[in-house]
Structure formats: structure tokens, C-alpha cells
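Using the sequences and the hints, build the whole thing.
Chain by chain, the residues:
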Amino acid sequence: MSSIWIAVIGSSITAFLNKYIGHSVPEWWLDRPRFKRINTLIPIVLLSALVGVQTFATKKELVIDQRFAGVIVALIALKLKASFPIVVASAAITSAAIYNLF
Amino acid sequence: MSIKPKNDAVSRTSLSVAFTVGLYGAAFGAAGVTAGFTILQTCLLSLLLFSGASQFAVVGIMGAGGSALSAIATATLLGFRNALYGLQMAPILKVTGLKKVLSAQITIDESTAVATLQENDVDRRRGFYLTGIGVYIFWNSFTYLGALGASAIGDPAVWGLDAAVPAAFCGLVWPRLKSKKQFLISAFAIILALSLTPLTAAGIPIITTVILAIIFGWRK
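Here the protein sequences come in this chain order: A and U. Going letter by letter, the first sequence gives residues 4 to 105 in this note's numbering. Going letter by letter, the second sequence gives residues 39 to 258 in this note's numbering.
No lab work stands behind these hints, which were simulated from the structure alone. Be a bit skeptical, because a hint or two may be false.
Unchecked claim - Simulated crosslink set (BS3-like; lysine-lysine; CA at most 25 Å straight-line): (1) K39(A) to K138(U); (2) K39(A) to K216(U); (3) K218(U) to K82(A); (4) K132(U) to K39(A); (5) K39(A) to K219(U); (6) K82(A) to K219(U); (7) K258(U) to K216(U); (8) K82(A) to K216(U); (9) K84(A) to K216(U); (10) K39(A) to K218(U); (11) K84(A) to K138(U); (12) K218(U) to K84(A); (13) K258(U) to K218(U); (14) K39(A) to K258(U); (15) K258(U) to K219(U).
Fair warning: this is a prediction, and the values are worked out from it, not measured in the lab.
Okay, here's the thing in C-alpha cells:
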């Protein structure tokens, strides 16, 4: 089995377990202030790290290329309260324009 | 009937959330294929994993050459919040058996958010199921279309798909940044991940940032 298949099946199983456990355990198990504070920050750090790596990394090298311009435009779109599809599309168009022109 | 207009408001909200979020599925479908997943593997993630941020993380990390383990670990940590949503929804839904399994599967950001906006349990249940099922249908349909579209094109950079993935992550993290402290933590996470990138295997720089969540979340 390829590693992509392992990732697909493994992450699907743990995702369902997360959801199902929430529906099943007594409230006091998860309802702790420290756990909740850390849990609010987990998506912030992981998604931010993914923004950084997906924007600047090419394998193990850090580069500045058309992706960075796309992300800047995405951030401007978000600041202007654009909807998700607009954010993604505007980044793609910017990046594609730079890639194809230069 | 006096309850009717209220119900209609719930269905309208649910449907518009479901459709807008569903559209985003096209970006995921394209990201999956661009990262080297087959159309089948990409669609299975939407059908089985069904949690946007985790799905993007899996294809992002695998596409960058990370190990299956780091992809699974990152996706699992991102899914913790769904456990808290389940905790919140369980006393309102009061379901068991197969219904509980299906309800758990659609326990995500959007279904919980629409439910919590309602004022009574009947509307909360309606909002939860209409949004959850609606997002499920649209998200999966658009995933397939996005995957098909991306597999029809050659170099993803020509279409800007290489920037669409980090932009998607921006869109996912943006609504979570509500305070100056959270912006700062976000910046730290980016700096930490980028400084580890040349030194470690792909995927490790991402998962390591959980340390920041623990440090900054430990005390109030």
C-alpha cells in the first residue's frame, strides 16, 4: 500500500474517531479550560505553519516566487471580507499571471 | 403556522452556508490532484475524512513529500475541535446507533456554527442536519469536479494552483485570528515552521508548531 493510501485511510479513521468520541464521552472529559485554550490555538498554529510552508518551501529550500504574490492578494481579499472562493481564485489568477508572464 | 417563517430562515442560512462552503470543495479537489493524489483518493478524503482543514493538511503535507504519519498526526490534531463540537451537539441531538454515527460524520465547523446560532433545540437540530448534509453533498460534488478539472491540466503553476493551496490555508486560518495575541502566535508558527523546513523532513515543521499552542494555551 502506498503512503498516500495509508494517509487517506489513517486520517479518515482518526477524523471519525474525533467526531464520534465527542458525541460519546461525558462532558467533563473534554470540558476543561486548559484543554480548550490549547485546542483553540492548535488550528491557528498548524494552519499558519501550512500557509508558510506552502508559500515559501520547495522541497527543503525556501524560495520567494509567484505563490507569495498570490498569497498577498489572498490576504488583501480576506481583509476586504471576500468569500472563500474569491480568495482562492484571486490568488490563483495572480500567481498564474506572474508565472506565465515572466 | 407561526413556526414556518422561522424554519424558512433556518433552511435559508443552512443552504447558503452549505453552497458557499461546498464551492470550496473544488479548491480541495484541485489541491488533491495537484499534490499527486488520484481522483479516487481525493474524493475518498472528502467522503470519509470530511473536515476541510484536515483534508487540506493531508494533501499539503503528502504533496510536499511528508510521511503518512506526519500527515495523519496533523490532520488528527486539527480534528480535535470536532470532538468539542460533538460534545456540544450531543445533548441537543440525543441520537444513538446508526443515527449517532451519521450525526458524528457531519459534526464540523459549519453544522455546529449554524446550530448554535438558533434559539431553540428544534431549530438547532434542523440547522445542524440541513447544514451538515448540505455541506456533505456540495463539498463532495465540488471535490469531484475540482479533481476532474485539475487532472485535465498539466503544470499546476500555469493555472495558479500552486498558490491556491496556501491561499486556501489563509482562508481557513483567517476567521480564527480574533486577537492581537492570536496574530502573534500565527506569526511565530510561520517563523518556526520556515526555520525548520531546511533542517527536517517535510511535515515535521508543521506538527512541531503544536508546541506553541501548548506553551501559549497553558496559562490564561
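Tested hints:
1. Using a Cα cut-off of 25 Å, the hinted pair K39(A) and K138(U) holds, with the two alpha carbons roughly 24 Å apart.
2. Between K39(A) and K216(U), the direct Cα distance comes to roughly 16 Å. Compliance with the 25 Å bound is thereby established for this hinted pair.
3. Taking the CA atoms of K218(U) and K82(A), the gap is near 15 Å; set against the 25 Å cutoff, the hint holds.
4. About 23 Å separates the Cα atoms of K132(U) and K39(A), which keeps this hinted pair within 25 Å; it holds.
5. Between K39(A) and K219(U), the direct Cα distance comes to roughly 16 Å. Compliance with the 25 Å bound is thereby established for this hinted pair.
6. Our distance criterion of 25 Å between C-alpha atoms is met by K82(A) and K219(U), whose separation comes to about 18 Å.
7. About 16 Å separates the Cα atoms of K258(U) and K216(U), which keeps this hinted pair within 25 Å; it holds.
8. Between the alpha carbons of K82(A) and K216(U) the distance comes to roughly 13 Å, so the proposed pair stays at or under 25 Å and holds.
9. Distance check on the hinted pair: K84(A) and K216(U) sit about 14 Å apart at the alpha-carbon level, within 25 Å; holds.
10. At most 25 Å may separate the alpha-carbon atoms for a hinted pair to count; K39(A) and K218(U) meet this at roughly 19 Å.
11. For the suggested pair K84(A) and K138(U), the alpha carbons sit about 36 Å apart, so the restraint of at most 25 Å is broken.
12. A hinted pair counts as satisfied when its Cα atoms are at most 25 Å apart, and K218(U) with K84(A) qualifies at roughly 18 Å.
13. For a cut-off of 25 Å, the pair hint linking K258(U) to K218(U) stands: about 15 Å separates their Cα positions.
14. A hinted pair counts as satisfied when its Cα atoms are at most 25 Å apart, and K39(A) with K258(U) qualifies at roughly 11 Å.
15. A distance of roughly 12 Å separates the Cα atoms of K258(U) and K219(U); the hinted pair therefore holds under the 25 Å criterion.
Violated hints amount to a single one, hint 11; each of the other numbered hints is respected by the structure.
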